[in-house]
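Start from the sequences, fold in the hints, and give me the full structure.
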Amino acid sequence: MLSIRNLRARVGETEILKGISLEVNPGEVHAVMGPNGSGKSTLARILSGREGYEITADKLEYMGHDLLEMTPEERAREGLFMAFQYPVEIPGISNIQFLRTAYNSVRKHRGEEPLDSVDFLAMVKSRLKEVDIDQSFLRRSVNTDFSGGEKKRNEMLQMLVLEPRLAILDETDSGLDIDALATVAGSINSLRSEDRSIVMVTHYQRLLDYVVPDHVHILADGRIVKSGKADLAQKLEKKGYGWLAEHAGEEAEA
Amino acid sequence: MGTGTDSVNQLIEGGYKHGFVTEIDADSLPPGLNEDVIRAISAKKQEPEFMLNWRLRAYRHWIKLQEKEPTWAHVKYPRINYQDMVYYSAPKSDKEGPKSLEEVDPELLRTYEKLGIPLHEQKALAGVAVDAVFDSVSVATTFKDKLAEAGVIFCSFSEAVQNHPELVEKYLGSVVPYTDNFFATLNAAVFSDGSFCYIPEGVRCPMELSTYFRINALNTGQFERTLIIAEKGSYVSYLEGCTAPMRDENQLHAAVVELVAHEDAEIKYSTVQNWYPGDKDGKGGIYNFVTKRGLCKGDRSHISWTQVETGSAITWKYPSVILRGDDSTGEFYSVALTNNLQQADTGTKMIHLGKNTRSTIISKGISAGRAQNSYRGLVRVSPKADNARNFTQCDSLLLSDQCGAHTYPYIENKNPSGRIEHEATTTRIGEDQLFYCRQRGIDPEDAVSMIVNGFCDDVFRKLPMEFAVEAQALLEVSLEGAVG
Amino acid sequence: MNAFAIPDFERQFDVRREQAPAFPDYRQKSLDDLRQQGLPGAKTEDWKYTSVREVLGETFVEATPAAPVAVPECAARHLAVMVNGYLNTDLSRLEDLPEGVTLCSLAAARDNHRDQVDAMLGRVVRHDRHPFAALNGAFFRDGLFLDVAPGTQVQEPLVVLWLSGAGDAALIQPRVLVRVGEGAELALMEQHRGSAAGHFTNQVSEILVGDNAGLTQVQLQDTGKEQLVCGTHVRCSRDSRYRAQTIDLGGKLIRNDLAISLDQPGAEADADGVFLAGRDQHVDNHLRVDHRAPNCDSSALYKGLLGGGGRGVFNGKLIVHPEGQKTRAEQTNHNLLLARDVEIDTKPELEIYADDVKCSHGSTSGELDPDQLFYLRSRGIDSPEARALLVRSFALEISERMNHSRLRDLVGEQLEPALDRLARNELEG
Chain A
1 MLSIRNLRAR VGETEILKGI SLEVNPGEVH AVMGPNGSGK STLARILSGR
51 EGYEITADKL EYMGHDLLEM TPEERAREGL FMAFQYPVEI PGISNIQFLR
101 TAYNSVRKHR GEEPLDSVDF LAMVKSRLKE VDIDQSFLRR SVNTDFSGGE
151 KKRNEMLQML VLEPRLAILD ETDSGLDIDA LATVAGSINS LRSEDRSIVM
201 VTHYQRLLDY VVPDHVHILA DGRIVKSGKA DLAQKLEKKG YGWLAEHAGE
251 EAEA
Chain B
255 MGTGTDSVNQ LIEGGYKHGF VTEIDADSLP PGLNEDVIRA ISAKKQEPEF
305 MLNWRLRAYR HWIKLQEKEP TWAHVKYPRI NYQDMVYYSA PKSDKEGPKS
355 LEEVDPELLR TYEKLGIPLH EQKALAGVAV DAVFDSVSVA TTFKDKLAEA
405 GVIFCSFSEA VQNHPELVEK YLGSVVPYTD NFFATLNAAV FSDGSFCYIP
455 EGVRCPMELS TYFRINALNT GQFERTLIIA EKGSYVSYLE GCTAPMRDEN
505 QLHAAVVELV AHEDAEIKYS TVQNWYPGDK DGKGGIYNFV TKRGLCKGDR
555 SHISWTQVET GSAITWKYPS VILRGDDSTG EFYSVALTNN LQQADTGTKM
605 IHLGKNTRST IISKGISAGR AQNSYRGLVR VSPKADNARN FTQCDSLLLS
655 DQCGAHTYPY IENKNPSGRI EHEATTTRIG EDQLFYCRQR GIDPEDAVSM
705 IVNGFCDDVF RKLPMEFAVE AQALLEVSLE GAVG
Chain C
739 MNAFAIPDFE RQFDVRREQA PAFPDYRQKS LDDLRQQGLP GAKTEDWKYT
789 SVREVLGETF VEATPAAPVA VPECAARHLA VMVNGYLNTD LSRLEDLPEG
839 VTLCSLAAAR DNHRDQVDAM LGRVVRHDRH PFAALNGAFF RDGLFLDVAP
889 GTQVQEPLVV LWLSGAGDAA LIQPRVLVRV GEGAELALME QHRGSAAGHF
939 TNQVSEILVG DNAGLTQVQL QDTGKEQLVC GTHVRCSRDS RYRAQTIDLG
989 GKLIRNDLAI SLDQPGAEAD ADGVFLAGRD QHVDNHLRVD HRAPNCDSSA
1039 LYKGLLGGGG RGVFNGKLIV HPEGQKTRAE QTNHNLLLAR DVEIDTKPEL
1089 EIYADDVKCS HGSTSGELDP DQLFYLRSRG IDSPEARALL VRSFALEISE
1139 RMNHSRLRDL VGEQLEPALD RLARNELEG
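Residue numbers (the working numbering), protein chains in the order written: chain A, 1 to 254; chain B, 255 to 738; chain C, 739 to 1167.
Treat the hints as calculated values from the structure; they're not laboratory data.
Check before you lean on any hint, since a few could be wrong.
Facing chain A, from chain B, some residues (calculated, C-beta under 8 Å) [as the list claims (entries may be wrong)]:
| # | residue |
| --- | --- |
| 1 | Met339 |
| 2 | Val340 |
| 3 | Asp686 |
| 4 | Phe689 |
| 5 | Gly695 |
| 6 | Ile696 |
| 7 | Glu699 |
| 8 | Asp700 |
| 9 | Ser703 |
| 10 | Gly708 |
| 11 | Arg715 |
Label-pair ranges, simulated between beta-carbon atoms [to be verified]:
| # | chain 1 | residue 1 | chain 2 | residue 2 | range |
| --- | --- | --- | --- | --- | --- |
| 12 | C | Gln766 | B | Asn335 | 36 to 44 Å |
| 13 | C | Ala887 | A | Ala230 | 14 to 22 Å |
| 14 | A | Glu15 | C | Arg1066 | 29 to 37 Å |
| 15 | B | Ser428 | C | Arg1066 | 26 to 34 Å |
| 16 | C | Gly838 | A | Asp145 | 37 to 45 Å |
| 17 | B | Lys534 | A | Glu15 | 33 to 41 Å |
| 18 | A | Asp145 | B | Ser428 | 14 to 22 Å |
| 19 | B | Lys534 | A | Tyr210 | 49 to 57 Å |
| 20 | B | Leu319 | C | Glu811 | 58 to 66 Å |
| 21 | C | Gln854 | B | Thr325 | 55 to 63 Å |
| 22 | B | Ser428 | C | Lys767 | 49 to 57 Å |
| 23 | C | Ala760 | B | Lys534 | 49 to 57 Å |
| 24 | B | Arg333 | C | Arg755 | 55 to 63 Å |
A quick note: this is a predicted structure, and the numbers were derived from the prediction, not measured.
Glycine residues also receive a C-beta, built at the ideal position from the N, C-alpha and C atoms.
Structure, rendered in structure tokens:
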């Protein structure tokens, strides 16, 4: 699904990612954790195609395509979905119009006929309940004057509608109260399937109580310093990121 | 960030599609302005004495205003030398006056074809009567006969002066007096043609009336004048379109529009203005200094202005409504798009004099490039205007980090039962939003045009269907560009 | 003695030059600025709705410190009393001011804190478009100097009482300098209490709010027959918080120019106001907020209440400069017209030169909502009582936004009775 080998990224003189390697197979859920400034959001942004980084990698492939050759919209149409940490407000476009345009762009790419507005609305309505969103929400402008929780749930709604192959969730859990977190986690779990992969980027262990990952990677200072199973996250929760710093040296030597 | 702004800029750069010059012989007066020029214009048009006298009064007043060219608007331009300008330019072949479309210079007709305004079949199907003003004179008016059946007079201003002098004398300057402002005064002195429209009592005009204005000759100022009178209980919808060729020099367009709505009458006036805006560096383009005002004279009368402004180097215009009749209604719906070095200072005035008068103002300003876009509006509720209501919504959308969007409303309430509400917002389309759309698989071009159209939707809904499509296309032209 | 007609400023300046007044360079610059723009007239955009013809036509005497004055009851722990624009230490209570607070007359500050005065005088106020500020700069005699040293917390409000004595119509032109140092906090309440005399006060305050400092400033104005033009110019540094409340209870003429400049990232400003105007009263609030740095927030809420014969003006100007990316700003103005024969003129302006901003402006004017009135009456509340209730709830939204409880109480004590008088239509100049 996603194959990364020795990914490096810099902005100007500052190297942010210092050689990341990561293999995500179909059906897997990975959690990428790390303290602030460790480079985890940068990793998510690079995968979604955000400009502004100088990138080198021995390999950076998604479904066998070289990611660096793909524009952000091509990645999206091939099923790579990014749930943003700070979803932007777009006044003037209603949610429903935005969703339909995005959905039909993907269909067109696959050589399918666009869905008309009636059928599309019916399909979206069926998804609204899963993210605990009221129907009036669809007529409001995209993310405009949404609360933090509404924005995050809107990201989940888009994810459910667009049915991606690879979903990258950038701190989707931060800033949520416990109820909203449960809703978001429900959306993520409902998406889990054999041919789909999920990469959750998060600062906190809390989300992982709801969505149990197959693999956990810990990022510090632009490197993956530790990888393991779900219990790694719990260990981290108990001992804090400080514990990592002591072990970072060992990993690098090893 | 830098590259981001560039890509937004690329999106909104659009070529000017009406930039051709029609090469036909023009019958022009020499440049310059004095009483002899005024007399010559009046004589060429074989005007009755009251017209000449009115022009001369205006000219003499204008002389007094020499140092009073308005400076309060948020626009900058070099001083205009009014003595370098040509005040009358008629296409020569028009000298005899075409009797029918077949007699119109085919070159002219081709010009209109290029503009996408076929004068005959297409419009016949569309049911639109067109009066086309080319440089300074009216060239042809279609459907005159059909309109005459309904009793509607729709002709060039010159013809109206010849055939309906009593109406012209009665209403000319009754809404915009020749003393109104610097540019209106100049127009009163030198205006050469324009449109005239009269809807008799109780008549619902059977079709949309439409005028296309075009400036063609070099160094020519265009000063047309439009006068629309809707008698008791009548209705008319009037559309106006404007284009001009690409020129390196700035050209002045100082028009005046007067609307009079009697009891229970309704006038809808729509404009799609696409004068040449100048090039990317601000060279050339039209100075559009226009005075437009409607008078809701009778009770329950209704005047509505809708404008889509994408052209002109500088726009200075405030289509206004004087709500004199009780229960009368005024509306102003505007989209103004400025790009590159364009400057727009536009808005409206709603003057509430009668009881239970209502007004609505919806203004959408879009700024891109290094443009400056200002809304300037006045809402005044006078002491006698009991229960007057105004609602104003002014929204600005910013597409670059070097443009400006400004809102200057003046709100004056002298009646406690008057209720005035004003809301203004300024927001942006930024690189973050475009990226968000792309991450969902949407083309950046589609995204921008979707956002802009959504932003303008309130106004487009007010345009007659045919014009709404044109306006939307025009915005897309102004927004489209080479996306890498 | 000392007759002073404002339009005669050139000659007056020459006369005074011989007395070798303090700050000659700044005075000269102020005079030049005043000469360049001239005094406001009917065509001056910023004075479109407020006429100062009467002030400009009057011949004043120049105010002196030794005017007889009645000091109203004031329970404040820290109190500075200004008489005709001069600090009167005998009437003031300054003993309990915490260490780190310096409060003295401007004249004293010139001798004892020269560096600080030089660093501030004329450095915050902008004369362009403020002709009266330039006039003050050319002619001020004295005023107030207030400095709060870095890290100092002044919890109890400091009240500055501006009083004027009886006597011939005087021209009162004080200059105020306030600096709140890094990390310091100050709650300041200025109160203008006018007399029945025909004085004209032209006050200018220059205020610096330092890095991460907080200043809450209330200006409560009740000028009676006096006319007041009050310019308050504020510059806010990084991460500072400035909260202003302007409470105008009426006066023959009150004109406020509150100009706030958010100079460095993270600065925050809230400017709220209530203004009341009854018969023969004219209250004009001009608010200008300049966003000159990224990530600054500002908000403003002004509420106007006009009783019979009253006249109100509100001009809110929000300017976002090219450096002001990520600005979030809003300004709102609501006006209640309680009688016929009133006028409210508002200009809520936005000037935006940056693109990554979110700004909004709103303004309404109208009478009391008849549905609300009816609702109250249908619950058995009689009409005058219902009016009074609605008027109070309309205006008190402003004082409720004040998070400093002592200041809120001090404001409420005077605002509430004035609102009741207005609701009964008894507010007069």
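Outcome of the hint check:
1. Met339: 41 Å, violated
2. Val340: 43 Å, violated
3. Asp686: With a minimum Cβ separation of about 4 Å from chain A (threshold 8 Å), the hint on B:Asp686 holds.
4. Phe689: Holds, because the Cβ-Cβ distance from B:Phe689 to chain A comes to roughly 6 Å (cut-off 8 Å).
5. Gly695: Check passed: Cβ of B:Gly695 comes within 4 Å of chain A, closer than 8 Å.
6. Ile696: Because about 5 Å separates B:Ile696 from the closest Cβ in chain A, which is inside the 8 Å limit, the hint holds.
7. Glu699: 11 Å, violated
8. Asp700: 7 Å, holds
9. Ser703: 11 Å, violated
10. Gly708: 4 Å, holds
11. Arg715: 14 Å, violated
12. C:Gln766 with B:Asn335: 36 to 44 Å: Once the Cβ atoms are compared, 40 Å apart, the range 36 to 44 Å for B:Asn335 and C:Gln766 holds.
13. C:Ala887 with A:Ala230: 14 to 22 Å: With a Cβ separation near 55 Å, C:Ala887 and A:Ala230 fall outside 14 to 22 Å, so the hint is violated.
14. A:Glu15 with C:Arg1066: 29 to 37 Å: This hint holds: roughly 33 Å between Cβ atoms.
15. B:Ser428 with C:Arg1066: 26 to 34 Å: 48 Å Cβ-Cβ, so the 26 to 34 Å window is violated.
16. C:Gly838 with A:Asp145: 37 to 45 Å: 43 Å, holds
17. B:Lys534 with A:Glu15: 33 to 41 Å: 39 Å, holds
18. A:Asp145 with B:Ser428: 14 to 22 Å: 47 Å, violated
19. B:Lys534 with A:Tyr210: 49 to 57 Å: Given range 49 to 57 Å: holds, Cβ gap about 54 Å.
20. B:Leu319 with C:Glu811: 58 to 66 Å: 60 Å, holds
21. C:Gln854 with B:Thr325: 55 to 63 Å: 41 Å, violated
22. B:Ser428 with C:Lys767: 49 to 57 Å: For C:Lys767 against B:Ser428, whose Cβ atoms are near 52 Å apart, the range 49 to 57 Å holds.
23. C:Ala760 with B:Lys534: 49 to 57 Å: Since C:Ala760 and B:Lys534 have Cβ atoms about 55 Å apart, the given range 49 to 57 Å holds.
24. B:Arg333 with C:Arg755: 55 to 63 Å: Since the Cβ atoms of B:Arg333 and C:Arg755 sit about 40 Å apart, the hinted range of 55 to 63 Å is violated.
Checked against the numbered hints above, the structure breaks hints 1, 2, 7, 9, 11, 13, 15, 18, 21 and 24 and satisfies the rest.
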